[in-house]
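Engineer: Sequence:
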Amino acid sequence: MSEKMNILLVDDRGHIDLGDGRFPSMRGVLEKHFNIIWLSNAYEGRWLLDAVDELHSFAALKLLDVGIPPEIMIFDYALSQSRDKSYDRKDDPTCIFAYLSNLMQQTSPDIPLRSKDYEIIPDTGSEQGKDRMGCYIGVELSRLFSNYPCGAIPTTAHIDVRGTDAAFYEWLNERYLNYAFAEKNNASPMWGPLVKSGVEQCRNRMVQLTRSGLLVPSLAQLQYLIENPINSLGEQEDGVFQGTIDFRSYYGKRAILISSLFFEKLYESGKLESYSDGTAEVSVESFEKSAKEWAGLMLDALFKTKHGFNEYQEASDLADLYFTAFISDQHDDRYWLAENILLSSNLQENESINDKLKAYSLNLKRIKNIKNKTFQKTFESVCVKLNIDSDTKDVLKFINQSQFYTLPPLYRAVKNKPVVIRWAILMLMVKTVHYNQQNGAGTILNLTEVCEMIDPLPEHFLTFKRHYDKGPANIQNSLKNLGDGLEGWHSWGLSINDVLESKFNLGNGNHGLFPHELFFLRSYANDLGFYEGCWPGWLRQGCG
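Residue numbering for the sequence shown follows this note's numbering, beginning at 1 and increasing consecutively.
Check before you lean on any hint, since a few could be wrong.
[Claimed, not checked] SDA-like mimics (lysine to any residue), calculated; alpha carbons at most 25 Å apart, straight line: (1) Lys4 x Ser286; (2) Lys62 x His158; (3) Lys253 x Ser328; (4) Lys253 x Val430; (5) Lys4 x Thr244.
[Stated by the list, open to error] Just the calculated beta-carbon pair ranges, DEER-fashion: (6) Asn416 x Tyr179: 39 to 49 Å; (7) Lys480 x Ser283: 22 to 32 Å; (8) Lys130 x Gly529: 27 to 37 Å; (9) Val414 x Asp53: 31 to 41 Å; (10) Asn231 x Lys304: 27 to 37 Å; (11) His516 x Tyr179: 22 to 32 Å; (12) Gln541 x Asp53: 41 to 51 Å; (13) Asp238 x Gly129: 52 to 62 Å; (14) Glu31 x Gly163: 40 to 50 Å.
Think of the hints as simulated: they come from the structure by calculation, not from any bench. Virtual Cβ for every residue (Gly too), placed ideally from N, Cα, C.
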């Protein structure tokens with residue numbers, strides 16, 4: 001699949017300003033950034049509508065291979081001139097019908113590639129060259145591509161639609177097309193201005209679809225685009241920057257050139273004719289400003305709250321810390337020590353316990369600084385029981401304070417930022433289930449497993465399991481109260497069970513995911529390389 005942006009051109013003339021043959025063409029720098037797919041008449045438009053509508057259900061992931069849906073669609077209103085001439089599309093690189101026809105045959109729908117019914121285009125009452133068939137085809141296709149970032153650009157030399165159904169149709173769709181009909185006047189369309197409008201509309205659609213959860217961008221790439229827009233462009237090959245922006249939609253994963261997406265900012269669109277040799281000067285300042293603004297809008301669309309990428313990054317770092325502790329070689333030993341230190345009454349085990357302590361080189365003297373009498377008493381009894389000298393052995397790192405608090409260590413790490421705790425737990429769940437899937441352990445988690453993930457930290461070293469059967473329930477209850485006592489935080493409570501059972505937090509007593517959290521969690525999963533087909537149900541919920 002090409003990383004150039006795809007343009008679907010609906011036009012019966014077969015060329016714009018730089019086209020000079022029987023199919024549309026671009027020259028120079030334009031050719032290096034965009035592919036063209038051409039619909040030359042109303043028949044082809046209708047066939048594409050029917051074909052994509054059918055393949056949408058059976059072969060959506062294969063459509064992007066041929067550039068459908070496109071990132072830009074340019075549709076001329078008048079298509080009636082094609083009635084008087086025919087185009088041989090057999091060797092036309094802009095024709096996609098052979099590929100789509102093969103897909104149709106594989107799925108066996110009853111839609112022929114050629115049919116007499118398709119060849120009968122009804123008379124619209126408009127004189128030749130002044131019809132508006134392209135308007136209807138263009139908007140119908142645009143609506144069909146509604147779950148993909150396709151920037152639709154109308155163009156016509158005959159803008160007066162008063163007294164016609166086209167006036168109503170424009171009114172009906174003006175908001176969807178972001179009021180592009182107001183700019184449709186174009187007696188001599190040229191690639192430069194059309195591409196400029198197209199990439200702007202495409203970027204706007206990406207923000208809209210991200211806000212609705214239909215587009216899953218890469219959070220890491222967006223942040224890098226804000227911090228290092230020039231470096232994001234990547235290295236140049238044949239005069240083209242190779243850096244891409246990736247996203248996932250209903251049609252699968254797509255990567256497009258950043259230099260294509262911000263084409264009008266990098267290059268002077270109005271002077272494209274002078275770039276026919278394939279080279280062009282780059283406008284760095286204009287690109288940097290636009291790229292940062294757009295990436296910021298994308299991040300805002302993902303998070304939807306006053307808490308944004310900064311909290312996300314802090315949560316991500318915390319999730320990484322806990323995940324590293326969870327999969328470390330010492331993880332099982334920590335649990336073994338935690339249980340035996342409190343539960344063991346078998347003196348024969350003392351020697352092995354002490355061996356473990358020596359192996360970890362624990363020198364714990366901080367215990368004297370803990371001003372909790374209950375802790376002191378418990379500590380002393382454990383030392384006597386295990387024959388450990390409390391004056392020389394510091395037991396702070398393996399007798400974890402979580403025994404004396406209702407909240408696990410994760411909360412104590414960032415106790416004044418409940419949103420960070422909440423997101424860190426959710427991201428840790430995604431990271432762990434991905435790790436399990438990679439190691440053939442499946443993608444099913446339960447409450448106990450998640451509680452084991454969030455309890456131990458390297459600096460706390462051990463987690464108490466004094467009443468192991470009640471431990472997860474205690475952690476669960478504490479998480480439901482995340483933010484209590486802090487103004488504006490009471491709604492951040494979290495129930496691991498509600499998440500695992502795919503319940504949304506809609507103010508009905510559930511403490512599951514907020515709908516918008518799915519958006520950035522899916523981006524996080526993509527950045528991890530977690531294949532969507534293996535996502536657990538709680539991460540997939542709401543997907544198309």
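Engineer: Do the beta carbons of Lys480 and Ser283 sit within 22 to 32 Å of each other?
Structural biologist: 53 Å, violated
Engineer: Check the following: the C-beta atoms of Val414 and Asp53 are separated by a distance inside 31 to 41 Å.
Structural biologist: Violated, since Val414 and Asp53 (Cβ atoms, about 49 Å apart) do not stay within the stated range.
Engineer: If you check the beta carbons of Lys130 and Gly529, does the distance land in 27 to 37 Å?
Structural biologist: With a Cβ separation near 53 Å, Lys130 and Gly529 fall outside 27 to 37 Å, so the hint is violated.
Engineer: Asn416 and Tyr179, beta-carbon distance inside 39 to 49 Å?
Structural biologist: 45 Å, holds
Engineer: Do Asp238 and Gly129 keep their Cβ atoms within the hinted range of 52 to 62 Å?
Structural biologist: Given range 52 to 62 Å: violated, Cβ gap about 39 Å.
Engineer: Decide if the proposed pair is consistent with the structure: Lys4 and Ser286, CA atoms, cutoff 25 Å inclusive.
Structural biologist: Within the cut-off at roughly 21 Å; holds.
Engineer: Within 22 to 32 Å: is that where the Cβ-Cβ distance between His516 and Tyr179 falls?
Structural biologist: Between His516 and Tyr179, where Cβ atoms are some 27 Å apart, the hint holds.
Engineer: Does Val430 lie within 25 Å of Lys253 when you go C-alpha to C-alpha?
Structural biologist: 19 Å, holds
Engineer: Is the Cα-Cα distance between Lys253 and Ser328 25 Å or less?
Structural biologist: 33 Å, violated
Engineer: For Glu31 and Gly163, compare the CB-CB distance with the range 40 to 50 Å and indicate the outcome.
Structural biologist: 41 Å, holds
Engineer: Given the proposed pairing of Lys62 with His158, does the C-alpha separation stay at or below 25 Å?
Structural biologist: Violated: Lys62 and His158 sit about 37 Å apart, past 25 Å.
Engineer: With the threshold set at 25 Å, check whether the alpha-carbon distance from Lys4 to Thr244 stays at or below it.
Structural biologist: 9 Å, holds
Hints 2, 3, 7, 8, 9, 12 and 13, counting from the list given before, are not met by this structure.
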